[in-house]
Each structure stands twice: as C-alpha cells, then as structure tokens.
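**Student:** Single-letter residue listing:
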Amino acid sequence: MRDRLELAVPGAVVGAVGGLIAGALSAFVGHPAGWAAATALAMAVPLGLLGGGFGLLVGGGRFRLGVFAPAALYWLVGFPLARLVAETSTGFLLGGGFTPPDDVLGFLAYQGIVSFGWAIGFLWLHERIAPHWLDKVRARNALAQQWYERYVTHARVLRESSARARRRRAARETTARTK
Amino acid sequence: MWRAGRLEAMPIRKLPDAPPSIHILGPTVFLVALGVGMGESYMWPRLVLLFGPEIRWLFLIGVTLQAVVMLEMARYAMATGESIFFGAARVFKPIMWFFFTVAILVYIWPGHLSAGAAALEELTGIPWTVSACVGLILVGVLFSMAKVIYNLLENVLSLLIGLLVVGTAVVAAMVGTWSDVVSTITGMFHFGYLPPEALSAAWFPIIVGSIAFAGPSGMQQMWYTLHLRDSGAGMGAHIPRIRGLRHAGEEEAMPARGFMFDTDDPAEMAKWRGWRRWVTFDALLLFWGVTMLVTVSFTVLAQAASRTSPDVTELLRAGEREAALNAMSDSFAAAGGPALGGVFLGFIALIGLNATLGLFDSFSRGQADMTYHFVPGAKRFRMSHLYAGFLWGVIAFGIVILLFGPADGPGAILDILAFLSTFAMGAYCVVLLLVNNRMLPKPIRPRLLTNLIIGFGAVFYLGMLIYSLFRFGVVVG
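Going down the list, the protein sequences come from chains A and B.
The letter at position 106 of the first sequence is residue 106 when you use my numbering, and the numbering goes up by one with no holes.
Numbers given in my numbering equal positions in the second sequence, counted from 1, plus 179.
Some hints could be false.
Said to hold, decoys possible - Residues from chain A that keep clear of chain B, each with C-beta distances beyond 10 Å, as calculated:
| # | residue |
| --- | --- |
| 1 | ASP103 |
| 2 | ALA139 |
| 3 | ALA142 |
| 4 | TYR148 |
Said to hold, decoys possible - Chain A residues, not near chain B, derived (Cβ > 10 Å throughout):
| # | residue |
| --- | --- |
| 5 | ARG2 |
| 6 | ILE21 |
| 7 | ARG62 |
| 8 | VAL77 |
| 9 | SER89 |
| 10 | GLY121 |
As the list claims (entries may be wrong) - Partial chain A-side listing against chain B, Cβ under 8 Å, derived:
| # | residue |
| --- | --- |
| 11 | PHE68 |
| 12 | PRO70 |
| 13 | LEU76 |
| 14 | ARG83 |
| 15 | ALA109 |
| 16 | VAL114 |
| 17 | TRP118 |
| 18 | PHE122 |
| 19 | TRP124 |
| 20 | ARG128 |
Simulated from the structure, these hints should not be mistaken for laboratory data.
Idealized CB from N, CA, C, for every residue including glycine.
Given these sequences and hints, build the entire structure.
**Tutor:** Structure representation (structure tokens):
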C-alpha cells in the first residue's frame with residue numbers, strides 16, 4: 001500500500017501546488033484567514049487527490065509516459081469536477097451551506113476549456129519532478145523501481161542513438177587524422 | 180555525399196531513431212519561452228479591449244503561420260544538423276551576413292528587460308535598473324558555469340514555464356467566465372473583420388507589429404534551429420553540444436558542416452517520418468497550444484480588469500504599457516486583494532525572465548555559429564569560447580546602456596530596428612523556401628501546400644510592412 005501511495009506523490013504535489021496558487025488568489029479576497037485557508041484547502045485537496053490518481057495510472061502502466069492525450073482526457077473530467085467541489089464546498093467549510101455556482105453547466109464547460117491548459121502545465125511539471133522522486137525512493141520501492149526503469153529505457157533510447165552517432169564520428173575523425 | 184550549394188558537401192550518415200513516444204519535453208520550450216512575451220501578455224489584450232474580440236482572427240493567422248514556420252525550420256535543422264543560418268549561406272552568403280548584422284542591431288539593446296524588471300520593481304521596490312543589471316550578470320555567470328548549457332537552460336525554462344502555465348490556467352479558471360472565453364474564442368474566427376479605426380495611421384502599424392509579435396518574433400524562429408540541433412534532434416545528434424566557459428575544454432571539435440542521411444533507404448525515411456511526427460506534436464500542442472492559452476487567459480484578465488477599472492482601457496489606448504499593466508494589477512488587487520495584483524505582476528516578471536534567459540542564450544548561440552563557420556580564423560577558437568564572447572559582450576554592452584543610455588536603442592533608430600525585426604521575418608520565409616526546396620534531397624522537401632503557406636507568410640509580413648510604410652509613412656508599432 002505504501003509503495004503505491006509513493007507513486008502518487010509527484011502528481012499530488014503538482015496538483016496541490018496548483019490548488020494552493022488558487023487558494024492564495026481567492027484567499028486574500030479581503031476575507032479573513034479562515035476563508036483563506038478554506039479556499040486553499042477546497043482547491044488543493046481535490047486537485048492534489050486527482051494529481052495523485054494520475055500518478056498511480058502512469059505508474060501502473062495504464063498511461064504511456066509523457067503522452068498528452070490521456071492527461072488531457074483525465075483532466076477534462078477531473079479539473080471541472082475539482083473546481084465544482086471547491087466552489088461548492090468553500091461555504092460549507094466556513095460553517096455555512098453549500099454554494100454551487102449559479103449556472104453549473106456553463107461553469108463546467110468553461111472549466112473544461114481551461115483544463116487543457118492545466119493539463120499541459122501539470123504534465124510538464126509532473127514529468128520534470130517524477131523521475132527525481134522515483135530515483136529517491138526506488139531502493140525500497142519495487143513499483144517505483146519499475147516506473148523509473150521505464151524512464152531510463154526511454155532516455156537511453158534517445159541518448160544511445162545520439163551517443164552512437166557521436167562515437168562513430170569521433171572514430172572516423174581519429175582514423176582520418178592518423179592516415 | 181550530398182552536395183548543397185557551393186559550400187562543402189555533406190557526408191552521408193545514419194539518422195538516429197526518433198523518440199519512441201510523443202514526449203512532452205523538447206526544445207520547443209525555448210520557442211515558447213521566447214515567444215510568450217509582451218505580444219501575448221500586453222499587445223493582444225490591448226487590441227481586444229480597443230477593437231473587440233473579433234480582431235483576434237489576425238492572432239490566429241499569426242500564430243498558425245508561426246507554427247508552420249517552426250515545422251519548416253525544423254525540417255532543415257533535423258535533416259542536416261546545420262542551423263538555418265548555415266543553410267542561408269549555402270544559398271547565398273550575403274543573406275547570412277544580413278541576418279548576422281540584423282541580430283546585432285536589433286538584439287543588443289537591453290530594452291526587453293524593462294517590462295519584467297519594472298514589474299519586479301512594483302512588487303519589491305528594488306529599482307528596475309539594479310535588478311536588470313544584477314540579472315544580466317547572473318545570466319552570464321549561470322551560462323558560463325554550466326557543463327552543457329542546453330541541459331541547464333531546458334531544465335530552468337521548463338520549470339518556469341510549467342509554473343507559468345499551471346498558474347495561468349488556475350487564474351483563468353478563477354477570474355474568467357464562460358462568456359469571456361466564448362467571445363475570445365469566437366472572435367478568432369471573424370476572418371476579415373477590421374474596424375475603420377484599425378486602418379488609420381495610428382493603429383494599422385500597431386496591428387502589423389502585433390501580428391508579427393504573435394508567438395516568436397524577429398529572429399527567434401531561426402535560433403530555434405540551433406536549439407533543435409543541441410537537443411540532438413535528427414541529424415543534430417552528430418554535432419557536439421555547446422558547453423559553458425568553465426567546461427569548454429571538454430568540448431569535442433565542431434565539424435565544418437552538417438550531415439545528410441540516405442533518403443533512398445526506406446528504413447531511414449521511416450525514421451525521418453518519426454522525427455517529423457515528434458516535431459509536429461511539439462509545434463501543435465506545446466507551441467500553438469501554450470501560446471493560445473496564455474493569450475486567451477491574459478485577454479480574459481484584461482477584460483475582467485477593464486470591467487472593474489475603466490482607467491485600464493484608457494491607459495491601453497494611450498499605449499502606456501507599464502502604467503496599463505500596473506492599472507490591471509491594481510484592479511485585480513481591488514477585486515481580489517493585494518495578493519491577486521501581486522501574482523499578476525509576478526507573472527509579468529516571470530515572462531520577462533523567461534524571455535531574457537532565452538534571448539541572451541539564443542543571440543550568443545546564433546552569432547557564435549555564424550562566426551565559427553564563416554569568419555576566417557575563427558576556427559582557432561572553440562564554439563564555447565565564441566559563445567561566451569558574444570554572451571559577455573552583449574551583457575557588458577547591456578549594463579553600460581542600462582546605466583547610461585537609452586535601453587531600447589537610440590530614439591533616432593527605433594523605427595529602423597522595428598522595421599528590421601519584422602523585415603527579418605519576411606526574409607526568413609523566403610530563405611526557408613530557398614533552403615528547403617533547393618538544399619534538401621527531393622524526398623524530404625516540403626509539399627506544395629507548405630510552400631504556399633510559407634510563401635503567404637513572406638507576402639504577409641513584407642507586404643504589410645511595406646503597405647504600412649507607404650500608405651501611412653510609419654513602420655510597425
């Protein structure tokens with residue numbers, strides 16, 4: 001279980017950071033600290049959970065590494081839902097009732113469009129952070145080790161083709177000089 | 180051997196395998212960093228507030244054209260491992276020297292630092308000239324210490340742009356409304372819309388300038404070929420990478436020309452198609468997608484700001500860039516508290532930082548490449564030394580100008596610089612047509628449709644520039 005949870009860490013961190021930015025933005029809308037914390041929490045928790053879920057799907061081999069389409073589809077559903085949860089639950093967290101947006105469909109449609117931008121940024125940061133995190137935990141986590149190896153294979157294919165080309169050229173230049 | 184022009188023929192080598200999946204990380208990050216600048220965060224929101232969202236069809240054309248240009252720049256760079264400057268020299272050497280000169284004239288002025296540094300001043304109170312000078316020295320030290328400059332820069336820029344994109348998406352999600360985004364997006368399809376005021380001497384040159392600044396402007400697309408090469412894309416894998424000054428001794432000798440692969444071999448052509456898919460994905464999703472996202476978001480922000488503060492529209496109309504950005508920040512602060520205004524200025528500073536990092540590296544890379552290959556005797560030095568020479572040269576000049584001179588360049592030549600920057604874009608479209616259709620083997624030359632689009636680009640940039648000059652007597656604004 002712990003091994004699995006560790007796979008979710010990079011995605012959860014990126015999701016939560018995005019949520020905290022959102023929290024910081026709406027948090028200071030001239031409202032007291034309680035409101036600030038509630039807004040940050042309402043955004044960071046669903047985005048963090050969904051981000052972690054994304055990590056589990058990539059780590060489990062269900063999504064291919066770094067490919068955009070699955071990430072875009074995942075967030076097309078996930079981002080509007082996270083926003084709806086945040087919007088609706090902020091009032092509740094502050095001790096009042098639920099506060100859903102007036103035009104729920106319009107709200108979801110708009111958030112769906114924005115989700116593409118979010119998906120690009122999320123995947124971009126996730127792909128930067130995940131390999132470092134996996135390298136850190138792979139000694140004690142077999143699942144992380146498997147995922148890390150997929151990154152290594154991917155990078156090796158790229159690097160080897162370049163390195164082969166460079167070696168060949170270097171060898172040829174040495175031969176040419178000695179002739 | 181592949182003979183291209185009168186310069187040294189290219190030996191035939193193997194094309195490396197294309198990346199196995201369509202991966203999101205690549206050299207396009209440089210183009211995005213350079214391209215997402217004032218055009219997206221200021222010029223287009225300004226036009227939308229003044230003329231309505233319908234004006235955005237021109238932006239759509241500008242960015243789409245740039246995406247095709249990017250693919251064509253990549254065609255030559257990936258097929259040969261040479262920069263587009265080298266390709267231009269294969270056609271006719273003076274064309275390359277023209278770009279060498281334009282780069283120095285246009286990009287040596289540190290004016291591009293001012294918007295980001297001014298936003299930082301607004302945030303922190305540190306005078307902008309101080310942060311700009313410190314920033315310049317830091318950039319120089321950073322690039323001199325790096326082992327492989329490309330890796331360092333790709334990591335730094337990726338992180339910054341990742342934050343920018345995530346942050347912009349979140350801001351847009353919170354501030355915008357469905358109707359804002361509908362009007363912004365539907366506005367992109369009002370082809371042919373031009374209000375009478377847009378065709379005036381005051382506004383037409385500004386519109387031309389804004390189209391030129393939609394996405395990467397000036398010579399930024401040409402520099403992209405150098406980043407592609409250093410990232411090891413296509414035949415760029417056969418060319419050594421530029422190292423920081425401290426590690427220059429480890430650099431392998433730079434070959435005197437690029438390489439070509441065997442285009443008659445079906446296996447090689449299959450790999451080539453893999454590379455084309457890779458770069459097409461980059462062009463469509465990362466470049467086109469991110470540029471669109473940032474402009475749509477900033478336009479939505481500007482619309483929201485103008486609703487709460489009519490000052491914003493007036494300042495934008497007057498062309499007071501920094502005042503308008505500050506007024507937008509103030510209106511966000513009024514609507515959403517000081518933090519929201521601060522975050523907005525933070526974004527502007529971040530965009531400025533990205534552009535500056537990318538610009539200094541790109542300028543030095545391009546000039547070093549042309550100097551190394553075409554200035555007699557320059558091969559005595561390593562590419563890394565030449566790179567460092569240009570980098571520190573432009574930094575030293577920048578500091579002197581920031582302290583004692585006009586940051587954008589002397590007032591008397593500002594018009595000439597704006598003209599040259601847009602002229603270079605029309606000129607590189609012509610160069611692309613010549614290079615890709617004459618210097619590459621037939622099987623990998625562009626198709627007719629692509630040639631028509633690039634040809635349209637040449638007519639579009641040069642035509643509008645010349646029309647503006649003769650009809651209104653003003654170059655681009």
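**Student:** Against this structure, judge whether each hint is valid.
**Tutor:** Status of each hint after checking the structure:
1. For A:ASP103, the non-interface assignment is contradicted: its Cβ lies about 7 Å from the closest Cβ of chain B, within the 10 Å cut-off.
2. Residue-level check passed: A:ALA139 sits 24 Å from the nearest beta carbon of chain B, beyond 10 Å.
3. With a least beta-carbon separation of about 23 Å from chain B, A:ALA142 lies farther than 10 Å from that chain, consistent with its non-interface assignment.
4. Distance check on A:TYR148: its Cβ is at least 16 Å (rounded) from any Cβ of chain B, clearing the 10 Å threshold; non-interface status holds.
5. At roughly 28 Å from the closest C-beta of chain B, the C-beta of A:ARG2 stays outside 10 Å, upholding its exclusion from the interface.
6. Consistency note on A:ILE21: stated as away from chain B, yet its beta-carbon is not over 10 Å from all of that chain's, at 5 Å minimum.
7. A cut-off of 10 Å between C-beta atoms confirms that A:ARG62 is not in contact with chain B; the least separation is 14 Å.
8. For A:VAL77, the requirement that its beta carbon stay farther than 10 Å from each beta carbon of chain B is met, with the minimum near 15 Å.
9. Taking the minimum C-beta to C-beta distance to chain B, about 15 Å, the non-interface status of A:SER89 holds against the 10 Å cut.
10. In this structure A:GLY121 is not separated from chain B by more than 10 Å, as the shortest Cβ-Cβ distance comes to only about 3 Å.
11. Interface restraint check for A:PHE68: the shortest CB-CB distance to chain B comes to about 6 Å, inside 8 Å, so the restraint holds.
12. Contact between A:PRO70 and chain B, as hinted, is not supported at the beta carbon level, the nearest pair being about 11 Å apart and thus beyond 8 Å.
13. Against a cut-off of 8 Å between C-beta atoms, the interface hint on A:LEU76 is violated, since the closest Cβ of chain B lies about 13 Å away.
14. Taking 8 Å as the C-beta cut-off, the interface hint given for A:ARG83 holds, the closest approach to chain B being about 6 Å.
15. Annotation: interface hint on A:ALA109 holds; nearest CB of chain B at approximately 6 Å, less than 8 Å.
16. Below 8 Å, beta-carbon pairs count as interface contacts, and A:VAL114 has one with chain B at about 5 Å; its hint therefore holds.
17. Of the supplied interface hints, the one on A:TRP118 holds, with its beta-carbon coming within about 4 Å of a beta-carbon of chain B, less than 8 Å.
18. With a cut of 8 Å, the hint placing A:PHE122 at the interface with chain B holds, because the nearest CB-to-CB distance is about 6 Å.
19. A hinted interface residue such as A:TRP124 counts as satisfied when its beta carbon comes closer than 8 Å to some beta carbon of chain B; here the least separation is about 4 Å, so the hint holds.
20. Because the smallest distance between the Cβ of A:ARG128 and any Cβ of chain B comes to about 6 Å, under 8 Å, the interface hint for this residue holds.
Violated hints, listed in ascending order, are 1, 6, 10, 12 and 13; each of the other numbered hints is respected by the structure.
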